[in-house]
Amino acid sequence: MRKPGKKKLIEFYTWMTKIRKTEEKLMEVFSNGEILGFLHVSIGQEAAPVGICAHLSDLDYIATTHRGHGHAIAKGIDLKYAMAELFGKKEGFCMGRSGSMHLADKKHGVMGANGIVGGGIPIATGAAFAARYQKTDQVAVATFGEGATGEGAFHEALNFAAIKKLPIVYVCENNGWAEFSPQSIHMPIKDVISRATAYNMPAVQVSNDVLEIYEAAGKAIERARMGGGPTLLEIKCDRWYGHYVGDAQKYRGKEAVEKAMGKDCLLNFEATLLADKVLQKKDIEKIGVQVQSEIDEAVDFARECPFPDPSEMMNGLYI
Amino acid sequence: MRKPGKKKLIEFYTWMTKIRKTEEKLMEVFSNGEILGFLHVSIGQEAAPVGICAHLSDLDYIATTHRGHGHAIAKGIDLKYAMAELFGKKEGFCMGRSGSMHLADKKHGVMGANGIVGGGIPIATGAAFAARYQKTDQVAVATFGEGATGEGAFHEALNFAAIKKLPIVYVCENNGWAEFSPQSIHMPIKDVISRATAYNMPAVQVSNDVLEIYEAAGKAIERARMGGGPTLLEIKCDRWYGHYVGDAQKYRGKEAVEKAMGKDCLLNFEATLLADKVLQKKDIEKIGVQVQSEIDEAVDFARECPFPDPSEMMNGLYI
Amino acid sequence: MKDIRYIFAIKEAMEEEMERDENVFLIGEDVGIAGGSFGASRGLYDKFGPERVVDTPISELGFTSIAAGAASCGLRPIVEIMFMDFVTCCMDSIVNQIAKMRYMFGNQYSVPIVVRMPEGGGLNAGPQHSQCLEAWFAHVPGLKVVMASTPYDVKGLLKSSIRDDNPVIFIENKTLHAMKGSIPEEDFTIPLGKADIKREGSDVTIVTASRMVHESLKAADVLAEEGISVEVIDLMTIQPWDRETVFNSIGKTHRLVTAHEAVKQFGFGAEISAVVAEEMLDELDAPIVRVGAPFVPASYSLEKFYVPGADDVKNAVRKTMERSF
Amino acid sequence: MKDIRYIFAIKEAMEEEMERDENVFLIGEDVGIAGGSFGASRGLYDKFGPERVVDTPISELGFTSIAAGAASCGLRPIVEIMFMDFVTCCMDSIVNQIAKMRYMFGNQYSVPIVVRMPEGGGLNAGPQHSQCLEAWFAHVPGLKVVMASTPYDVKGLLKSSIRDDNPVIFIENKTLHAMKGSIPEEDFTIPLGKADIKREGSDVTIVTASRMVHESLKAADVLAEEGISVEVIDLMTIQPWDRETVFNSIGKTHRLVTAHEAVKQFGFGAEISAVVAEEMLDELDAPIVRVGAPFVPASYSLEKFYVPGADDVKNAVRKTMERSF
Ligand SMILES: Cc1ncc(C[n+]2csc(CCOP(=O)(O)OP(=O)(O)O)c2C)c(N)n1
Ligand SMILES: Cc1ncc(C[n+]2csc(CCOP(=O)(O)OP(=O)(O)O)c2C)c(N)n1
Ligand SMILES: [Mg+2]
Ligand SMILES: [Mg+2]
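Protein chains in written order, with the working numbering: chain A, 1 to 319; chain B, 1 to 319; chain C, 1 to 325; chain D, 1 to 325.
Only chain A is shown next, with the shape it has when bound in the complex (with noise of 0.2 Å):
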């Protein structure tokens, strides 16, 4: 695999601006109640969506989770109807119905955020079983935390990729928190990794680096592209924030948690192409302007949707 060049490297760069700013947004307008229900972010783990989905066409596959915005951003979502669906509107992709923990995209192939942890991952292996069925060379992804790694269906999903050799990645994007738990409570090991023995699948773990996770998922997308099975991908990152917003992390201590925001793999990112000068200030600001006019406008689109109306509320249950 080529290493990526300098303009792959600015649209990661740009990418990851733009989960980054779209999830600082959201809390905005959380906090101001625009918009209802459970509202994950995932701030601090930018890196893993733009590095998978660099790999990703709109013809592959993505299901993902509660924390879910990140991937559909980086695998193109149309930003205004995405704002749309997290404000309930009409002409949001689900119509209102589901808000940001069931945010899906069929165009892009996003085949939806889950409200069931673990959900989504025998989900996008069903995906993978279709691209074999069909004899395309589509992939799918599912991204899940290491809580999820937990369920039983993590467990039942990986088993049968495995053994039909599906063309699919498993990302698990291991933040050390499932909620209000560390990973020292729920898990028995150190490593999501670990779990790959059990089904004989090869396993990789990188750093929260978006070229490390660029490459490594390069191999494995291109491994499952071209038969060879699926790969579990272990991405050890850090969340910043609340396991909702709104969640006062009292569970965990403010060291931790600044440790966790020291570790920021955009402004990690951001160092590194300023010192390799691909980018200059400059251009950073630039990128950060133009991002943010693009997610105002998708928040002032949706602020204007109507909401949909009762009545449709009966439509379409059955074809």
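Worth flagging that the hints you see were computed from the coordinates, not collected in a lab. Please read all numbers here as calculations on a predicted model, not as lab measurements.
As a list, the in silico EDC-like pairs of lysine to aspartate or glutamate whose alpha-carbon atoms are at most 16 Å apart:
#1 Lys90/A x Glu303/D
#2 Lys25/A x Asp300/A
#3 Lys250/B x Asp46/C
#4 Lys47/D x Glu12/D
Listed next, the stretches of chain C that the computed footprint assigns to chain A, with coverage defined by at least 3 CB atoms under 8 Å from CB atoms of chain A:
#5 100 to 106
#6 134 to 144
Ideal placement from N, C-alpha and C gives every residue a C-beta, glycine not left out.
For chain A, the structure is supplied; the task is to place chains B, C and D with the ligands on it using the hints.
Leaving out everything else, chains B, C and D with the ligands in the frame of chain A:
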């Protein structure tokens, strides 16, 4: 751990013979139509229950499977009332409500066979949890087939036990078949012990030899009793007959069946005992006769027991 | 026309639909090489190969959700759950994922999937292998629930279910698997959501499905000799069910009995009864009597006393005839 | 007496029972250090330690069956399922194991276990976090199903459930968690299986539970002004439910409305209605009207139009008053 002395060896042989002959008798009465429902015999797999239960007292727990007669017998179940249950009689351990597939005997810590593959694994784990909670030195054993390791229940239970270091031994009797499917169809690995890595759990594989099993189980059970946590123990064995009595095994070549039957844990053990002069031909005959008469008595008892009265069906749903 | 067993009619339906549409495939435990635990897919593996007749590990949750993912990518899976009791292992797949994918994703996805499962007694297989749980699924918006009582029906309904773009829970009854019946040689389907009047009558309406259709017909025969004319409605689709046929019948008979093998309490009979008590109470000339299994788990040696039969239906009908308003 | 929130009343019940009986323990996701996702166990970890307030991996099937095993070895677990929707992940544990262990093992084992779970809307949390599935459990022999509508009730019923030797599915409603109410300082329990008449009336009986009790009471207030006297029965235990109280009330009012937050079709209202249509049809002066959510998944932005409320109850009651026989 001490090597088993002569008395123990004879006991092992007697128990194994008892299981074998009970299963053979059951096949006979099932074919007569005296036993209804599904009957799964464990012929060829007698070494495991004996080698394991030799280390367990009545206070220890065991949860088994649809193929659970051997474990119940080795754990000390009273054959008369067990047989009555299999015949569906009122005096049976379960009042005739359960038959073979849910045979249980609380007094001997037999927490039940289970009609749900994998169902007993977390239940035994709960027994181990109770033992620790109550600060006893009881140990729990979960037995299951390699097929059961595909279920989420297996995964979730082992994960929990490993985190909590519970006093339990997970005994997988890998007989190479799950119903009509060979292991190669439903597992991406050769050895079930590969699954233990996922839980940072020690794992041991042994052959279908009662002494090997006795030794490995002894260590694992001792370890559990001393607070050292769970172990996964895999026993490589063979299923001689069909999945259930009546299964003609059309999916399995005659040769494979013959090969399986060639590896007879009972006959091999008998040969060793003869060679080592622990037993003589005439002792063996005596044991056979004595065991057979116990079984025949149990069958006679079961035959004579009345069926429960239909009105009793409504009893005891709630306490 | 030809004579065929119910289980073989299932196989024919799957086979013909797999021939017709290459996106249709079958997945489940032992469905492939072994041809299914009850033989429903015998021969299909040889004909369609392992890619389309897919043996799975023992992992109901996994393979049902995998089928859901495949369905939302354009395939049309038929999932076999070996015994309905095991569907408890994949309720998340069916209820949180399959039933909701279409609606909650704003109709972007459709999930054309059939989840087949045999329910009920007949094998003396005891409490964990004999349950009838159709009422659960009928309570979940997004699912269709189908129950077939004859070889003809099972073939026609299964074909419709496979062609339907909605998820369908397709429930067989173990005791029917061996039943013989006559079906046309040529392709046919039976529409979902329509009930079938299996016997016309004028005094009492029995609303039933699956095995209890036959018990109801037996009861009707006997009752006819007593001068009671019974109409037997086979609902066939429990959700959405055919109100029109039921209402028309009650409009004629003014008496209703419901009958299913599931435990009586909170079974599908309750819903039928409640709708009638809400929408056509004044048409009723007698209390609505429900037939169902007693409120205990199925029993190994007492199975024959446990599952409801023609006698229970007869008694129920007689009860509705005892008095009128 | 003291004023207390519903969620805190749950905590008190668990705390007091854990103090009373050392075999009682709590197990679930984030119930320990974090004190529960909804705060039901706040403080209990510090008080009782990790052995009795047990945090688990995300594995509903695993820990529910583990609790079942522990219960059959003498302990009395309280299992917390974070949202009722997630109970779909452990239906095997509850339905095939817990509900049947006692019966199918010939009464050798008892399984004193309480599985707590919050249901319903109120958080705009969408289709996979808002379901009401009590009717499923009520259809399963061996389980008791309890729903509490006030801080007083939740404390008394939860204590009884913990002391009960049978498995109990204990259903909270998220919107009630913050509700305040008055309870005695001293130990008290409320018997399972008994309904509570929350308001007496003479024209119409409403049979309801949980949050819909309050919506029914609101409706009753308004209807009183219209001259309609409504009796509101809080079932509290859905299985086994209190026929006597319901029958007595209908004997007085001759009109019945059922109301729950679950989708109307195949909900618990259907069973109540069906029993009444079977056993006391001639007492009815009007059709039985049921209130429940519409037959679609819960919706994120339309939640407030989705969950049934006082207006729906009012309309239902008015409908029963429209005409008589
Ligand atoms: C089946 C199920 N159980 C529990 C929950 C509640 N829940 C939501 S997110 C979460 C933690 C997930 O942790 P992890 O998988 O590590 O993902 P992260 O939140 O760290 O991204 C839990 C327990 C759920 N949504 N679904
Ligand atoms: C949840 C569930 N799925 C499927 C079955 C049907 N079934 C019964 S035994 C069995 C195979 C079990 O294989 P294994 O665990 O290897 O045990 P063995 O029969 O070899 O002893 C299957 C699939 C079941 N009883 N429960
Ligand atoms: Mg995490
Ligand atoms: Mg096996």
